[in-house]
Every structure is written in structure tokens, then in C-alpha cells.
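Student: Mind docking these for me? Both chains are given alone in their own frames, and the hints should help you get the complex.
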Amino acid sequence: DQQVKQNSPSLSVQEGRISILNCDYTNSMFDYFLWYKKYPAEGPTFLISISSIKDKNEDGRFTVFLNKSAKHLSLHIVPSQPGDSAVYFCAAVIQHTGNQFYFGTGTSLTVIP
Amino acid sequence: DGGITQSPKYLFRKEGQNVTLSCEQNLNHDAMYWYRQDPGQGLRLIYYSQIVNDFQKGDIAEGYSVSREKKESFPLTVTSAQKNPTAFYLCASSIKSGGSTDTQYFGPGTRLTVL
Numbered sequence: 001d002q003q004v005k006q007n008s009p010s011l012s013v014q015e016g017r018i019s020i021l022n023c024d025y026t027n028s029m030f031d032y033f034l035w036y037k038k039y040p041a042e043g044p045t046f047l048i049s050i051s052s053i054k055d056k057n058e059d060g061r062f063t064v065f066l067n068k069s070a071k072h073l074s075l076h077i078v079p080s081q082p083g084d085s086a087v088y089f090c091a092a093v094i095q096h097t098g099n100q101f102y103f104g105t106g107t108s109l110t111v112i113p
Numbered sequence: 001d002g003g004i005t006q007s008p009k010y011l012f013r014k015e016g017q018n019v020t021l022s023c024e025q026n027l028n029h030d031a032m033y034w035y036r037q038d039p040g041q042g043l044r045l046i047y048y049s050q051i052v053n054d055f056q057k058g059d060i061a062e063g064y065s066v067s068r069e070k071k072e073s074f075p076l077t078v079t080s081a082q083k084n085p086t087a088f089y090l091c092a093s094s095i096k097s098g099g100s101t102d103t104q105y106f107g108p109g110t111r112l113t114v115l
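In the order they appear, the protein sequences are chains A and B. The opening position of the first sequence corresponds to residue 1 in this note's numbering, with each subsequent residue numbered one higher. The opening position of the second sequence corresponds to residue 1 in this note's numbering, with each subsequent residue numbered one higher.
FYI, nobody ran anything at the bench for these hints, they're computed from the structure. The structure presented is a predicted model; accordingly, all values stated were derived computationally and were not measured. Where hints are given, some of them may not hold.
Claimed, not checked - Footprint (simulated), chain A over chain B, 3 or more residues, beta carbon under 8 angstroms:
(1) 43-54
(2) 107-114
Unchecked claim - Cut-off 30 angstroms, straight-line C-alpha distance, at most; resulting in silico cross-link-like pairs (DSBU-like, lysine-lysine):
(3) A:Lys71 x B:Lys57
(4) B:Lys83 x A:Lys5
(5) A:Lys37 x B:Lys57
(6) A:Lys71 x A:Lys56
(7) B:Lys9 x A:Lys37
(8) B:Lys57 x B:Lys83
(9) B:Lys71 x A:Lys37
(10) A:Lys54 x A:Lys71
(11) A:Lys37 x A:Lys56
(12) A:Lys37 x A:Lys5
(13) A:Lys54 x A:Lys37
(14) B:Lys9 x A:Lys5
(15) A:Lys5 x B:Lys57
(16) A:Lys71 x A:Lys5
Here a beta-carbon is modelled for each residue, glycine too, at the ideal position from N, C-alpha and C.
Extracted from the complex, chain B is given alone in its bound form (with noise of 0.2 angstroms):
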């Protein structure tokens, strides 16, 4: 089945600790993105890529890295320089970017605790 995976669902990491999302998609979409969601805000978002080995900031890029080595993959890593890490983690992609719209695809989320 053709779809955006992410993994794991939930995730739990000491404070202090980097940690790396991962995200997969087998859709052959160029763009993917990734939004982090916190109760009673919609979605922000944090890094999006337009194509392999090139990434842009979003809105709230700081203290999050990505990689975009791979069509497929667009791992994000919450670092320790980020401040309030603890929230739900969504990766999206789309057939292409620029130009023209078209519609983003949702992995099913990652819950991130940090203690």
C-alpha cells in the first residue's frame, strides 16, 4: 500500500537528549514537510524539503534539524537546544512543489513526551 509512515507512535526521551523522527513515504512525492501540533494551536510548520538534499526553515525551525538524503525519507531530529520538544509530530508530502498546489498527504503522527 502506498502511503507516509512514521515511526515510532510514541516516543518518550530524557530531557537534555536529542532524538530523530523518522518519516517515510512510498508515493513518489517530491515535497515533504513536517508540522509539529500542540493543543489548541493548528499545525506549524517546522522544516519542509522541495527536493532531495535541499530543505528550507518553516515557521518554528528552531532547535529541529532535518536531512533529506533520500526521495523516500525526511527524518526530523528534535535537539536539546529546543525548548518545549514535547508535542505531536506530523510529517506530510505532496506530488510537487512550486507553482502550483497540490494536496498534502498526513503520516498518522508521532507523540513525542520528553521527561
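Only chain A is shown next, with the shape it has when bound in the complex (with noise of 0.2 angstroms):
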């Protein structure tokens, strides 16, 4: 059963505009969520976090949105770069039961230049 989803396989965004990728979630005890960039045939690298205390977290170009009542959140990039062309997996977790991630099936972004 999945419950971290992700439900935009894949999203096109033109350079400089700003990239929406969503991410929904069935477990209301996830408190931690994170956003992973994966580039082909390597592994994932983090990007930025949120705590369930928080309902905004920005760092430079990226800032994740969580609305822990409707179980969503969402990263925003702007701009858009044609290096962000990348898959995004969000990833949830329950912090006092361990370190156990639970992963979004990816959404696919290409920025065209």
C-alpha cells in the first residue's frame, strides 16, 4: 500500500517560470518529510526538508509547502533551470518509530530552455 504518492509521473516547465511538484500522503503520523533530486543512473541527493512543526521551509530557488490537514505538500522551484530537469521523489517518515522512509514513485521534471 502506498502511502507516499506522487500523482504527476512527469511535468514540463519552461525556463525561468516556477516548477509545482506535489506530493499526498495517507499516514497522519508522518511528522518529517523530504524532497530527493535523481539524476539517471545515479543515486538520489537531498534537497531540503520539513518538520510537521513547520509549514514552509525555503532554501535559495527551492521552498517545500506542507498542509498537514489536507496531508500534502509541495516544492516549489523558481526559477526553473534546465539543470533542475531531474526526477524529485518526495519521502515521509515517522521520527520517534525510527528512520524508515517511505518514498513517493517520482515525478519527472524537464525545464526547457
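Tutor: This is the structure:
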């Protein structure tokens, strides 16, 4: 049973515009969320995270928003650059039970120059 | 340089053979993990280890085995019992486990193809 879902398998955005990647989860016990970026044939690299006590976390061009009531988080990339083209995974974890991450299925972002 | 290494990058095996994938880290991380990625699917947890000489099954442990004899090493054996072994395998580690969350850092992955 997929507890973390990314319903958009792909997204195309023009360079300079905003990219919005979405992630939904079903388990209300999740209290920490992360976004990873992955290029083909490479391991994912950590991008940004957010604790459930916050509703927004910003790091440069990347901002993650968390809506706990909707069990939804999103990653905003502004402005989008061609180098941002990759697969983005969201992950969720219940902190007090250990460090098992639950990953979404990924969204492939293409930024068009 | 500190990091996580996985070897080899590409691995081919005949059906029915066991194969062991290597994962080494020099980050002094306590916890290590094995995931598998298939097309159109997220990363699924196979096994994880929070401390030396201890490990737990993840969501899809059947057909796999692991060992954690050293803090730096967490090899994964894909046995002949694994029905669909062809996949991209990712190893990860984190600085500590349990009670608080620390980011998992991933190796470059091993692409296993069973012929």
C-alpha cells in the first residue's frame, strides 16, 4: 500500500518559470518530509526537508510547503533552470519509530530552455 | 573524500545464481539501508541496519539477505529465491537512527541485470 504518492509522473516547465511538484500522503503519523533529486543512473541527492511543526521551509530557489490537514506537500522551484531537469522524490518518515523513509513514485521534471 | 560507494555499477548474472552487491561508507554513519528502484515505482526498502551486527527487514526483504559485520559495510545478497531481481539497487546511510530523523545519503547505485 503506497503511503506516499506523487500523482504526476512528469512535468514540463519553461526555463525561468515556476515548477510545482506535488506529493500526498495517507499516514497522519508522518512528521518529517524530504525531497530528493535524482539523475538517471545515479543515487538520489537530498534537496530540502520540512518538519511537521512548520508549514514552509525555504532554501534558495527551493521552497517546500506542508499542508497537514490536507496531507499534502509541494516543492516549488523558482526560477526553474535546465539543470533542474531530473526525477524528484518526496519521502516521509515517522521520527520516533526510527528512520524508515517512505518514498513516493517520483515526478520527472523537464525544464525547457 | 567522504561518501558512499557501491560496486560494481553494472552487474550481470545468470538466473539461479546468488550475487552480492557491495556498499561501503566512510561517513561514520550508524545506519545503513538498501533500496530497490523499478521503473515507475518509488524506492522500496529491502533491509536496514541501525547498528553493527543488527538489521531489520524492510517492505520487500524476501529473496534478499544482508550482513553488518562492520560499521562501514552493508553488503546485500540477491539470492536465487528473488523472483524479479533485475533492478537498480541503492544503498544509503544516515548519521544516527531512532528518535530523530537524519537525512539519508545515497550511493551511486548498482544496476543488476539477471539474464
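Student: All hints, please: hold or fail.
Tutor: Now the hints, each set against the structure:
Proximity of the region 43-54 of chain B to chain A, defined as three or more residues with a beta carbon under 8 angstroms from a beta carbon of that chain, is established by the 5 residues found. Against chain A, the region 107-114 of chain B contributes 4 residues with a C-beta closer than 8 angstroms to a partner C-beta. That satisfies the three-residue criterion, and the hint holds. Of the pairs offered as hints, the one joining Lys71 (chain A) and Lys57 (chain B) holds, with about 27 angstroms between alpha carbons and a cut-off of 30 angstroms not exceeded. For the hint linking Lys83 (chain B) to Lys5 (chain A), the alpha-carbon distance of about 25 angstroms falls within 30 angstroms, and the restraint holds.
At roughly 26 angstroms between alpha-carbon atoms, Lys37 (chain A) and Lys57 (chain B) fall within 30 angstroms of each other, so this suggested pair holds. A threshold of 30 angstroms between alpha carbons decides the hint, and for Lys71 (chain A) with Lys56 (chain A) the separation of about 14 angstroms falls inside it, so the pair holds. Taken as a hint, the Lys9 (chain B) and Lys37 (chain A) pair is honoured in the structure, with Cα atoms around 19 angstroms apart against an allowance of 30 angstroms. At most 30 angstroms may separate the alpha-carbon atoms for a hinted pair to count; Lys57 (chain B) and Lys83 (chain B) meet this at roughly 17 angstroms.
Among the hinted pairs, Lys71 (chain B) with Lys37 (chain A) is consistent with the structure: their alpha-carbon atoms are about 27 angstroms apart, no more than 30 angstroms. Of the supplied pair hints, the one linking Lys54 (chain A) and Lys71 (chain A) holds, its CA atoms being roughly 13 angstroms apart against a limit of 30 angstroms. Straight-line distance between C-alpha atoms of Lys37 (chain A) and Lys56 (chain A) comes to about 19 angstroms, which keeps the hinted pair within the 30 angstroms bound. With a CA separation close to 16 angstroms, the supplied pair Lys37 (chain A) and Lys5 (chain A) stays within the 30 angstroms bound.
Annotation: proposed proximity of Lys54 (chain A) to Lys37 (chain A) holds, straight-line Cα distance about 22 angstroms (limit 30 angstroms). For the given pair, Lys9 (chain B) sits about 29 angstroms from Lys5 (chain A) by alpha-carbon distance, which is consistent with the 30 angstroms threshold. Between Lys5 (chain A) and Lys57 (chain B), the direct Cα distance comes to roughly 22 angstroms. Compliance with the 30 angstroms bound is thereby established for this hinted pair. As the CA atoms of Lys71 (chain A) and Lys5 (chain A) are separated by approximately 11 angstroms, the hinted pair is consistent with the 30 angstroms bound.
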